[in-house]
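Protein chains: 2
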Amino acid sequence: MNLLKNPRLNGVLLDVTGVLKDGGTAIHGSVEAVRKLREAGLKIRLVTNETQVTRRALAENLLDLGYPVQELDIVSPCPALISFLQRENLRPHLLVHSNVLPEFEGIDQSNPNCVVLGDAAENFTYEHLNEAFGILINMKKPRLFSLGRGRYYSDKEGLMLDVGAFTAALEYAADVKAEIIGKPQPEFFRSTLKDMGVEPEEAVMVGDDVVSDVGGAQDCGLTGVLVRTGKYRPSDEKHPTVHPDAVVDDLAHAANLILESRK
Amino acid sequence: MNLLKNPRLNGVLLDVTGVLKDGGTAIHGSVEAVRKLREAGLKIRLVTNETQVTRRALAENLLDLGYPVQELDIVSPCPALISFLQRENLRPHLLVHSNVLPEFEGIDQSNPNCVVLGDAAENFTYEHLNEAFGILINMKKPRLFSLGRGRYYSDKEGLMLDVGAFTAALEYAADVKAEIIGKPQPEFFRSTLKDMGVEPEEAVMVGDDVVSDVGGAQDCGLTGVLVRTGKYRPSDEKHPTVHPDAVVDDLAHAANLILESRK
Numbered sequence: 001m002n003l004l005k006n007p008r009l010n011g012v013l014l015d016v017t018g019v020l021k022d023g024g025t026a027i028h029g030s031v032e033a034v035r036k037l038r039e040a041g042l043k044i045r046l047v048t049n050e051t052q053v054t055r056r057a058l059a060e061n062l063l064d065l066g067y068p069v070q071e072l073d074i075v076s077p078c079p080a081l082i083s084f085l086q087r088e089n090l091r092p093h094l095l096v097h098s099n100v101l102p103e104f105e106g107i108d109q110s111n112p113n114c115v116v117l118g119d120a121a122e123n124f125t126y127e128h129l130n131e132a133f134g135i136l137i138n139m140k141k142p143r144l145f146s147l148g149r150g151r152y153y154s155d156k157e158g159l160m161l162d163v164g165a166f167t168a169a170l171e172y173a174a175d176v177k178a179e180i181i182g183k184p185q186p187e188f189f190r191s192t193l194k195d196m197g198v199e200p201e202e203a204v205m206v207g208d209d210v211v212s213d214v215g216g217a218q219d220c221g222l223t224g225v226l227v228r229t230g231k232y233r234p235s236d237e238k239h240p241t242v243h244p245d246a247v248v249d250d251l252a253h254a255a256n257l258i259l260e261s262r263k
Numbered sequence: 001m002n003l004l005k006n007p008r009l010n011g012v013l014l015d016v017t018g019v020l021k022d023g024g025t026a027i028h029g030s031v032e033a034v035r036k037l038r039e040a041g042l043k044i045r046l047v048t049n050e051t052q053v054t055r056r057a058l059a060e061n062l063l064d065l066g067y068p069v070q071e072l073d074i075v076s077p078c079p080a081l082i083s084f085l086q087r088e089n090l091r092p093h094l095l096v097h098s099n100v101l102p103e104f105e106g107i108d109q110s111n112p113n114c115v116v117l118g119d120a121a122e123n124f125t126y127e128h129l130n131e132a133f134g135i136l137i138n139m140k141k142p143r144l145f146s147l148g149r150g151r152y153y154s155d156k157e158g159l160m161l162d163v164g165a166f167t168a169a170l171e172y173a174a175d176v177k178a179e180i181i182g183k184p185q186p187e188f189f190r191s192t193l194k195d196m197g198v199e200p201e202e203a204v205m206v207g208d209d210v211v212s213d214v215g216g217a218q219d220c221g222l223t224g225v226l227v228r229t230g231k232y233r234p235s236d237e238k239h240p241t242v243h244p245d246a247v248v249d250d251l252a253h254a255a256n257l258i259l260e261s262r263k
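Keeping their order, the protein sequence lines are chains Y and Z.
Just so we're aligned: 190 in my numbering is position 190 of the first sequence, and the numbers increase by one with no gaps anywhere.
Just so we're aligned: 34 in my numbering is position 34 of the second sequence, and the numbers increase by one with no gaps anywhere.
Hints were generated in silico from the structure; no laboratory data involved.
Treat the hints loosely; a few may be bogus.
It does not matter which identical chain is meant; a pair holds if it fits inside one copy or across any two.
[As the list claims (entries may be wrong)] The calculated lysine to any residue pairs, modelled on SDA-like cross-linking and capped at a C-alpha distance of 25 Å, are:
{"hint": "1", "residue 1": "Lys43", "residue 2": "Glu32"}
{"hint": "2", "residue 1": "Lys43", "residue 2": "Arg228"}
{"hint": "3", "residue 1": "Lys156", "residue 2": "Asn123"}
{"hint": "4", "residue 1": "Lys5", "residue 2": "His93"}
{"hint": "5", "residue 1": "Lys238", "residue 2": "Asn113"}
{"hint": "6", "residue 1": "Lys141", "residue 2": "Ser235"}
{"hint": "7", "residue 1": "Lys140", "residue 2": "Ser261"}
{"hint": "8", "residue 1": "Lys238", "residue 2": "Glu171"}
{"hint": "9", "residue 1": "Lys141", "residue 2": "His239"}
{"hint": "10", "residue 1": "Lys238", "residue 2": "Met139"}
{"hint": "11", "residue 1": "Lys194", "residue 2": "Arg38"}
{"hint": "12", "residue 1": "Lys156", "residue 2": "Thr125"}
{"hint": "13", "residue 1": "Lys5", "residue 2": "Thr241"}
{"hint": "14", "residue 1": "Lys5", "residue 2": "Lys43"}
{"hint": "15", "residue 1": "Lys140", "residue 2": "Thr241"}
{"hint": "16", "residue 1": "Lys156", "residue 2": "Tyr126"}
{"hint": "17", "residue 1": "Lys43", "residue 2": "Gln86"}
{"hint": "18", "residue 1": "Lys238", "residue 2": "Asp175"}
{"hint": "19", "residue 1": "Lys141", "residue 2": "Arg35"}
{"hint": "20", "residue 1": "Lys140", "residue 2": "Arg228"}
{"hint": "21", "residue 1": "Lys177", "residue 2": "Thr125"}
{"hint": "22", "residue 1": "Lys156", "residue 2": "Glu171"}
{"hint": "23", "residue 1": "Lys177", "residue 2": "Pro234"}
{"hint": "24", "residue 1": "Lys141", "residue 2": "Asp219"}
{"hint": "25", "residue 1": "Lys156", "residue 2": "Gly134"}
{"hint": "26", "residue 1": "Lys140", "residue 2": "Lys238"}
{"hint": "27", "residue 1": "Lys177", "residue 2": "Val211"}
{"hint": "28", "residue 1": "Lys177", "residue 2": "Ala121"}
{"hint": "29", "residue 1": "Lys194", "residue 2": "Pro79"}
{"hint": "30", "residue 1": "Lys5", "residue 2": "Lys263"}
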């Protein structure tokens with residue numbers, strides 16, 4: 001699919017960390033890019049695996065940076081996971097960031113029958129990892145849920161290990177395969193598109209993660225655009241299995257491409 | 001190979017944690033078992049992936065528990081790794097237990113060109129893992145060495161994550177395959193046998209780790225005996241690929257089997 005010619009393009013999915021902001025600041029040109037896309041009448045969702053903050057806090061942070069967004073524009077794995085836990089009568093042991101605990105209020109966490117990993121950052125201590133491991137290894141049929149599978153992300157302090165690394169650690173130690181909620185899980189993209197009322201071939205995903213953002217979106221039939229901001233590294237352009245529909249310097253360039261493609 | 005009939009049996013390799021001791025105490029009957037094996041004229045080595053202490057400290061600990069052993073009886077991955085680092089002009093960034101740092105004295109650690117993981121235990125902090133990751137991800141050709149690949153071990157506080165879990169985390173995040181020094185690496189068993197002057201078919205390995213101890217030894221042609229102490233779990237007897245030559249309750253039983261087999 002040639003991104004440069006798609007008159008039906010109607011929906012834009014944007015990753016947040018590394019596309020809209022890096023560390024605590026907006027990426028140059030991204031605020032204006034989101035405004036332009038919105039003014040052109042495109043439907044926009046911010047599709048993030050961010051699980052260090054609640055969606056409300058993330059929306060407030062983005063507003064502060066000048067982005068014209070609200071909480072409902074943000075799609076994050078937590079609500080999807082919570083519906084799933086409730087549907088399946090699962091009581092999680094949580095290894096998540098303290099900031100995101102409010103999302104789990106009202107969820108029974110007694111006598112846990114599964115483990116949930118988010119991007120817990122400093123909460124990924126040896127003690128907490130042993131605790132989660134101890135629960136998994138003592139289950140007859142261990143269930144491990146992971147809010148995304150990211151390898152690392154870019155923060156003001158540099159590249160930081162993401163939830164995927166710790167998921168791999170527990171998978172190896174407890175001999176279990178994690179169930180992923182979030183990008184690149186196909187269901188996560190599909191439910192977002194359904195909510196937007198947009199078909200896959202009418203949508204584009206812009207992200208800095210060649211696997212979770214670009215590959216995940218392409219697997220669902222969306223156009224996938226890689227930006228050279230955030231955690232982008234030149235080797236991403238030679239990824240063995242994922243070939244982005246376009247690689248651009250930043251969201252400003254991606255927005256221009258998207259608007260051009262509709263003409 | 002039937003363990004119960006091997007008149008040539010001449011060398012015994014024993015795992016330490018979970019076979020000789022569990023937490024801080026000797027496993028019932030193991031001290032007498034080692035004495036009996038030694039008195040029968042068998043050559044004995046303690047083959048451990050233990051990297052929380054130096055071999056000297058481990059020998060002292062075992063002596064205190066009543067074991068008739070000295071430092072030279074202990075085969076651990078550190079000396080093998082150190083020779084390798086020196087041979088290849090490698091300058092390690094160490095993520096190891098503080099107790100084991102003396103083993104690395106005299107090794108140039110400036111401007112590191114590889115990362116070494118041991119069983120760092122409480123040193124496996126988010127900060128230290130990010131540090132090791134940052135070094136790997138910024139290398140043209142990242143090299144990660146891991147002192148063993150254990151999933152977990154039994155400690156007085158319960159089952160604890162071993163170095164293998166954190167190796168898996170960094171392998172995933174930095175997209176690198178770790179080079180393992182220690183069990184179940186074949187070279188580790190071979191060099192031990194060479195030092196003992198014993199052929200593989202004349203040797204038996206007794207351990208509580210079905211993969212690293214039993215499988216690793218069997219892959220090199222040794223007899224592999226699994227004990228039901230330490231981190232042993234009933235599911236180990238149904239391991240998909242490793243089938244121990246014998247499974248016994250503890251080292252006391254293993255010693256009886258070994259002595260019987262020579263008749």
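We went through each hint and held it up to the structure:
Taking the shortest Cα distances, Lys43 and Glu32 sit within 25 Å of each other inside one copy (16 Å), while across copies they are farther apart (75 Å). Taking the shortest alpha-carbon separations for Lys43 and Arg228, only the intra-copy value of 23 Å comes in at or below 25 Å, while the best inter-copy value is 61 Å. Taking identical chains as interchangeable, the C-alpha atoms of Lys156 and Asn123 lie at most 25 Å apart whether they share a chain (18 Å) or sit on different chains (23 Å). With identical chains, the CA atoms of Lys5 and His93 are never at most 25 Å apart, being 47 Å at best within one copy and 50 Å at best between copies.
Proximity of Lys238 and Asn113 under a CA criterion of 25 Å is satisfied inter-copy only: 24 Å between copies versus 41 Å inside one chain copy. In the homo-oligomer, the alpha carbons of Lys141 and Ser235 lie at most 25 Å apart only across protomers (12 Å), although the nearest pairing inside one protomer, at 38 Å, exceeds that limit. In this assembly of identical chains, the alpha carbons of Lys140 and Ser261 never lie at most 25 Å apart, being 53 Å within a copy and 37 Å across copies at closest. For a Cα distance limit of 25 Å, the shortest separation of Lys238 from Glu171 across copies, 19 Å, qualifies, whereas the shortest one inside one copy, 28 Å, does not.
Taking the shortest Cα distances, Lys141 and His239 sit within 25 Å of each other only across copies (16 Å), while inside one copy they are farther apart (35 Å). Taking the shortest alpha-carbon separations for Lys238 and Met139, only the inter-copy value of 17 Å comes in at or below 25 Å, while the best intra-copy value is 41 Å. Taking the shortest Cα distances, Lys194 and Arg38 sit within 25 Å of each other inside one copy (19 Å), while across copies they are farther apart (72 Å). In the homo-oligomer, the alpha carbons of Lys156 and Thr125 lie at most 25 Å apart both inside one protomer (21 Å) and across protomers (19 Å), since each shortest distance falls under that limit.
Taking identical chains as interchangeable, the C-alpha atoms of Lys5 and Thr241 lie at most 25 Å apart only when both belong to the same chain, with a minimum of 24 Å there against 53 Å between chains. Taking the closest pair of Cα atoms, Lys5 and Lys43 come within 25 Å of each other only inside a single copy of the chain (18 Å); across copies the shortest separation is 76 Å, beyond that limit. In this assembly of identical chains, the alpha carbons of Lys140 and Thr241 lie at most 25 Å apart only when taken from different copies (20 Å versus 36 Å within one copy). For the identical chains of this complex, Lys156 and Tyr126 are neighbours both inside a copy (24 Å) and across copies (16 Å), given an alpha-carbon limit of 25 Å.
Taking the shortest Cα distances, Lys43 and Gln86 never come within 25 Å of each other, neither inside one copy (30 Å) nor across copies (59 Å). With identical chains, the CA atoms of Lys238 and Asp175 are at most 25 Å apart between copies only, with a shortest distance of 14 Å across copies and 31 Å within one. For the homomeric pair Lys141 and Arg35, neither the shortest alpha-carbon distance inside one copy (48 Å) nor that between copies (41 Å) is at most 25 Å. In this assembly of identical chains, Lys140 and Arg228 lie within 25 Å of each other by CA distance solely across copies; the values are 19 Å between and 45 Å within a copy.
Both within a single protomer and between protomers do Lys177 and Thr125 lie at most 25 Å apart by alpha-carbon distance, with minima of 21 Å and 24 Å respectively. Taking the closest pair of Cα atoms, Lys156 and Glu171 come within 25 Å of each other only across two copies (23 Å); inside a single copy the shortest separation is 29 Å, beyond that limit. In this assembly of identical chains, Lys177 and Pro234 lie within 25 Å of each other by CA distance solely across copies; the values are 20 Å between and 30 Å within a copy. Taking CA atoms no more than 25 Å apart as the test, Lys141 paired with Asp219 passes in neither setting, with 30 Å inside one copy and 30 Å between copies.
Taking the shortest alpha-carbon separations for Lys156 and Gly134, only the inter-copy value of 13 Å comes in at or below 25 Å, while the best intra-copy value is 33 Å. In the homo-oligomer, the alpha carbons of Lys140 and Lys238 lie at most 25 Å apart only across protomers (15 Å), although the nearest pairing inside one protomer, at 42 Å, exceeds that limit. Taking the shortest Cα distances, Lys177 and Val211 sit within 25 Å of each other both inside one copy (19 Å) and across copies (19 Å). In this assembly of identical chains, Lys177 and Ala121 lie within 25 Å of each other by CA distance both inside one copy and across copies; the values are 21 Å within and 24 Å between.
Taking the closest pair of Cα atoms, Lys194 and Pro79 come within 25 Å of each other only inside a single copy of the chain (16 Å); across copies the shortest separation is 59 Å, beyond that limit. In this assembly of identical chains, Lys5 and Lys263 lie within 25 Å of each other by CA distance solely inside one copy; the values are 7 Å within and 83 Å between copies.
Checked against the numbered hints given earlier, the structure breaks hints 4, 7, 17, 19 and 24 and satisfies all the rest.
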